Amino acid sequence: MIARCVGNHRGVTATVPRPSPARSALGGLRDRVLRLAELATTPLLPADYLDMVNPLRAGADLRGRVVAVHRETRDAATLVIRPGADWQRHVPGQWVRIGIDVDGVRMWRAYSLTSHLDRPDGCISITVKAIPGGKVSNHLVHRTRPGTLVHLDQATGEFVLPAQAPQKVLFVTAGSGITPVIGILRNHDELRDVVVVHSAPTPDDVVFGADLRELAAAGRIRLVEQHTDTAGLLDAAAIAALVPDLAERATWACGPVAMLEALEEHWSAAGIADRLFTERFRATVLVPGEGGTVTFTRNGAAVEADGATPILDAAEAAGVLMPSGCRMGICFGCVLPLREGAVRDLRTGEVTTAVPGDGVLVQTCISAAAGACDIDH
Amino acid sequence: MTVLQKKADNPIEHLTPEDIELLGKELDDIRQSVIDTRGEADARYIRKVIDVHRKLELGSRAVLLASGFAPAWVLGTVGLTVAKILENMEIGHNILHGQWDWMRDPKIHSTTWEWDIVSPADQWKHSHNELHHTYTNVVGKDNDLGYGIMRVDEDQPWQPFHLGQPLWSFINACFFEYGIAAYDLELGAVIARKQTGDPEFRARLKAVLGKIGAQVRKDYVIHPLLSGPNFLSTLAANFTANLVRNLWTNSVILCGHFPEGVETFEKKSIEGETRGEWYLRQMLGSANISGSKAMHVMTGNLSHQIEHHLFPDLPSNRYAEIAPRIRDLFDRYGLNYHTAPLPQQVGSAWHKIIRLSLPNGWLELTNRRNLLPQLAVLYKMTTGSPKVRRTLQRKLTAGVRLTRAAAAAEA
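Protein chains in written order, with this note's numbering: chain A, 1 to 377; chain B, 1001 to 1411.
Fair warning: there could be bad hints in the mix.
[To be verified] SDA-like cross-link-like pairs, simulated, lysine to any residue; straight-line CA separation at most 20 Å:
#, chain 1, residue 1, chain 2, residue 2
1, B, Lys1387, B, Trp1158
2, B, Lys1055, A, Val360
3, B, Lys1107, A, His266
4, B, Lys1107, A, Pro46
5, B, Lys1218, A, Leu50
6, B, Lys1141, B, Gln1005
7, B, Lys1352, B, Lys1107
[Said to hold, decoys possible] Covered, in the sense of this in silico footprint (three residues per stretch, anywhere, with C-beta under 8 Å from a C-beta of chain B), are these stretches of chain A:
#, region
8, 41-54
9, 316-323
Simulated from the structure, these hints should not be mistaken for lab results. Computed from a predicted model, the values in this text were never measured in an experiment. Heads up, the beta-carbon is just placed ideally off N, CA and C, and yes, glycines get one too.
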């Protein structure tokens, strides 16, 4: 799938420090002026007019403008984006939600940031691999031109190095799973002992192949490339054989579900599960529930959803404007309060119930109705 | 006019239930063909219209800062009027219908949009999208038929106060946005039922008053104040723009359902109505305005009222494209596709308003020679008891029958 990795340290959530938005006196004055101007622009907002002139200004909804698209491989590209004035610095390894109009429809996806933090032009970059049938990834890789305006959220995610960088690090990646790792490697020169085990179908398919090989040549990393078309998939035991001091290393892994599961199993068996950082993507287990009517209490829409369809998909198909992000259960951009009813997690089959007053936050992209549901939206 | 079900020559008598279901199927296919091809070009269209509106509104208001200079007043007022019409019709009305919700752009979405008229968007969406579009032209259900203040059907007994109907229709047209706000509030019914203390009504009233305040402040205080010495001329320009916009939108809306020949339906006719029958009612209950591309845009494509009522949530820019297919469908099913130029449709609608303000048959029987005796009849019906009214009405009805028979014999 698309490169999205979130470190989930076995339930221990690391808090990533983030600079708080400075409430400058200038910003306060600006807000007061805008409130006054609204008297003349109502029912529109002054921002509606300002957006026509400068959509990237301070105080605007966060957007970015694509300034360049660099091809990485035949199906991957790096998009260099000039973010709006309110963009806050990200932490290497984090991802950003990006909203782009594909065929006239606004779609949001999350991609790892791959840029150097101190680019002189202040731009950020994401690297996208087009997946077969992927609407957004194909649009970004093949059809997005410089000048395109995109919508952004602030960067987030916990697939990052701790404040005190570990002595020895192992990155296990496959496909576009390399993207957050490149983001980390580019910004952490201080890492001295790094092994990168990366799998891709052929040498040409290695996203950032040239950069990785250069880092390896310079002695910054030890690179193990596995070309799976010819050499087959690497299993956990093979990785352990390739990296004998694995137990001494802090390991970050990003790639397909099967790979992560195999790694988790191996690390658990070795008793070093606490040294592995991964995120479980949308699972293979799909337990069909009984479905039901999902009612959106604030906008009044009622949607019939079956037990195998995420509430997000069912609601969007019925025309309800839903918050959404990665659509695979990791970015929490789609979270809404479940006021009453039951939903089933499509990854685990786990049922979450809410009685009035609960307001359990559920991820609509991986939750299906397990009976009638009232969602606060 | 009389409800379709009571007509001697029912225009849908020739259609079997199977025909009607087939018709529904064909319409579903047309709808799907638009949905399947909805995309970037449509998104570009609505964003372009919004962009043009904003530039035009801002530009016109800037020009009006010098409204003391007569040419600036004229230019600014024309620009502001066009901007307000665009905003209400092609943009506001259609966005609030959810025609652009598929773009998933929270800034162009029926749940977030607010428009430049005194009725708050959510109240209008209820009375318009839910009630009018569901119960189109069903007498007693669709309050758009006369907005609860007019006699719209011969079957409604004539009362002397109906004589004022042309006048208050005109006043309603001039201040149409306030009429709509009152109508969305169901103000008449709430007062009649003495429910003005109802907290839910109070909340809605507060929302309307808040919106009126914001609108009035913008057009009649802030903008004139910004014009400095041109305060009064800018105020006059805003008043004129709102007035012309109100007259225009009222005319377009009258054309949609009021011209002679548009059918109305009785309440019980929609019990258990099928999808095909619902479509058929929309086809017969709406009328189009023919004209140029500019006319279509300025009416918010409500010039394609028939297409709009069949598919209220399809993007308005696509109605023109499907219109020939819809017309062909009317032809094949032997139905009357009601379309005419704007002056003709407006004339027809006003003729109906005037005719129904008078007792049934009165206008038809009156000519220059019998004007005085006819006025005497009208005077007696206006001032007389209900019994007098009934007697004279019987005479009028008999007179119409005689005249028509004589005309038929001559032909």
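Out of the numbered hints, which ones does the structure contradict?
-> 2, 3, 7
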